[in-house]
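What follows is each chain in one-letter form.
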Amino acid sequence: GQQVMQIPQYQHVQEGEDFTTYCNSSTTLSNIQWYKQRPGGHPVFLIQLVKSGEVKKQKRLTFQFGEAKKNSSLHITATQTTDVGTYFCAGPPSGGSNYKLTFGKGTLLTVNP
Amino acid sequence: GAGVSQTPSNKVTEKGKYVELRCDPISGHTALYWYRQSLGQGPEFLIYFQGTGAADDSGLPNDRFFAVRPEGSVSTLKIQRTERGDSAVYLCASSLFPGGYEQYFGPGTRLTVT
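Chains as they are written, first to last, in the working numbering: chain A, 1 to 113; chain B, 1 to 114.
Honestly, the hints are just simulated from the structure, not real lab data. Keep in mind that this is a model prediction, so the values were computed, not measured. Treat the hints loosely; a few may be bogus.
[What the hints assert, rightly or not] Computed list of lysine-lysine pairs in DSS-like fashion (alpha-carbon distance at most 30 Å, straight line): (1) B:17 - A:36; (2) A:36 - A:70; (3) A:36 - B:78; (4) A:57 - B:15; (5) B:15 - A:70; (6) B:11 - A:36.
[Unchecked claim] Facing chain A, a subset of chain B residues (Cβ under 10 Å, in silico): (7) 4; (8) 7; (9) 10; (10) 40; (11) 43; (12) 44; (13) 59; (14) 103.
[What the hints assert, rightly or not] A short, non-exhaustive set of chain B residues, derived as facing chain A with CB atoms under 10 Å: (15) 35; (16) 37; (17) 61; (18) 65; (19) 66; (20) 89; (21) 91; (22) 93; (23) 95.
Beta carbons: idealized from backbone N, C-alpha and C, even for Gly.
The shape of chain A in the complex, shown without the other chains:
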């Protein structure tokens, strides 16, 4: 079945440093969604990318969807302590059930103030 992999599994940064997490799917995706889960919390939707090569920005966050629609990345510029949490990518397979999200294992980001 479809597998979604994320690297790194953990990332510890000093406040102000940049952070990037990468997401790779074993199959082409219909779209890619990113979620953030704070410690002890539940996943919260950040963004959805649909088009091949799409780039979207939200303040200090930049999201990219690969040309082949099999990979994606999230880059955070100048991290803050409020960025702490686990970032998940998730997507449904292209041509399949577009409601059925397969999540990666996530990247846990910790920020040292």
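Starting from the known structure of chain A, fit chain B onto it as the hints suggest.
Frame of chain A, contents of chain B only:
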């Protein structure tokens, strides 16, 4: 407005017992999903409802798991003969429409089977 709510927030049960977990989605959301999240893992799809019917239950691990949504709003996930391996956080999510829309997650029910 109110988000997705789930009850109970925590449930401890003995192996072999039956449990019910409840999800109250955002009002007006037609699509409802159940996921299971184990420690250090991402949410794992269990079942999807469109309206009252289970449109896709392919993620349910086995026939001990069953879910209903009789009136197209509140949903109940039912687990029979619980096993220790069922221990996890069970997340419910809803979306306005199915497919390609952001999913709003509830706070989850932490199930512990002793």
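Going through the hints against the structure:
1. The suggested pairing of residue 17 (chain B) with residue 36 (chain A) is violated, with an alpha-carbon distance near 33 Å, which exceeds 30 Å.
2. Between the alpha carbons of residue 36 (chain A) and residue 70 (chain A) the distance comes to roughly 20 Å, so the proposed pair stays at or under 30 Å and holds.
3. With a C-alpha separation of about 28 Å, the suggested pair residue 36 (chain A) and residue 78 (chain B) falls inside the 30 Å cut-off, and the hint holds.
4. For the proposed pair residue 57 (chain A) and residue 15 (chain B), the alpha carbon gap of about 47 Å is over 30 Å, so the pair is violated.
5. Annotation: proposed proximity of residue 15 (chain B) to residue 70 (chain A) is violated, straight-line Cα distance about 41 Å (limit 30 Å).
6. The straight-line distance between the Cα atoms of residue 11 (chain B) and residue 36 (chain A) is roughly 25 Å, inside the 30 Å bound, and the hint therefore holds.
7. Given the 10 Å rule on beta carbons, the hint for residue 4 (chain B) holds: about 9 Å separates it from the nearest Cβ of chain A.
8. With a least beta-carbon distance of about 14 Å to chain A, the hint placing residue 7 (chain B) at the interface is violated under the 10 Å criterion.
9. The beta carbon of residue 10 (chain B) is not positioned within 10 Å of any beta carbon in chain A (closest approach about 12 Å), and the interface hint is therefore violated.
10. Given the 10 Å rule on beta carbons, the hint for residue 40 (chain B) holds: about 7 Å separates it from the nearest Cβ of chain A.
11. Because the beta carbon of residue 43 (chain B) sits about 5 Å from the nearest beta carbon in chain A, less than 10 Å, this interface hint is met.
12. At its closest, the beta carbon of residue 44 (chain B) sits 7 Å from a beta carbon of chain A; the interface hint therefore holds under the 10 Å criterion.
13. Checking residue 59 (chain B) against chain A by beta carbon gives a least distance of about 8 Å; that is within 10 Å, so the hint holds.
14. The interface hint given for residue 103 (chain B) is met, as the beta carbon of that residue sits about 7 Å from the closest beta carbon of chain A, less than 10 Å.
15. Because the smallest distance between the Cβ of residue 35 (chain B) and any Cβ of chain A comes to about 8 Å, under 10 Å, the interface hint for this residue holds.
16. Taking 10 Å as the C-beta cut-off, the interface hint given for residue 37 (chain B) holds, the closest approach to chain A being about 8 Å.
17. Look at residue 61 (chain B): its Cβ only gets to about 14 Å from chain A, farther than 10 Å, so that hint breaks.
18. A distance limit of 10 Å between C-beta atoms decides the matter here; for residue 65 (chain B) the minimum to chain A is near 17 Å, and the interface restraint is violated.
19. Interface restraint check: residue 66 (chain B) against chain A, minimum CB-CB distance 19 Å, threshold 10 Å, status violated.
20. Of the supplied interface hints, the one on residue 89 (chain B) holds, with its beta-carbon coming within about 8 Å of a beta-carbon of chain A, less than 10 Å.
21. At its closest, the beta carbon of residue 91 (chain B) sits 6 Å from a beta carbon of chain A; the interface hint therefore holds under the 10 Å criterion.
22. Satisfaction of the interface hint for residue 93 (chain B) is found here, the shortest Cβ-Cβ separation to chain A being roughly 8 Å, below the 10 Å cut-off.
23. For residue 95 (chain B), the interface hint holds, the least distance from its beta-carbon to any beta-carbon of chain A being 8 Å, beneath 10 Å.
Of the numbered hints listed earlier, those contradicted by the structure are 1, 4, 5, 8, 9, 17, 18, 19.
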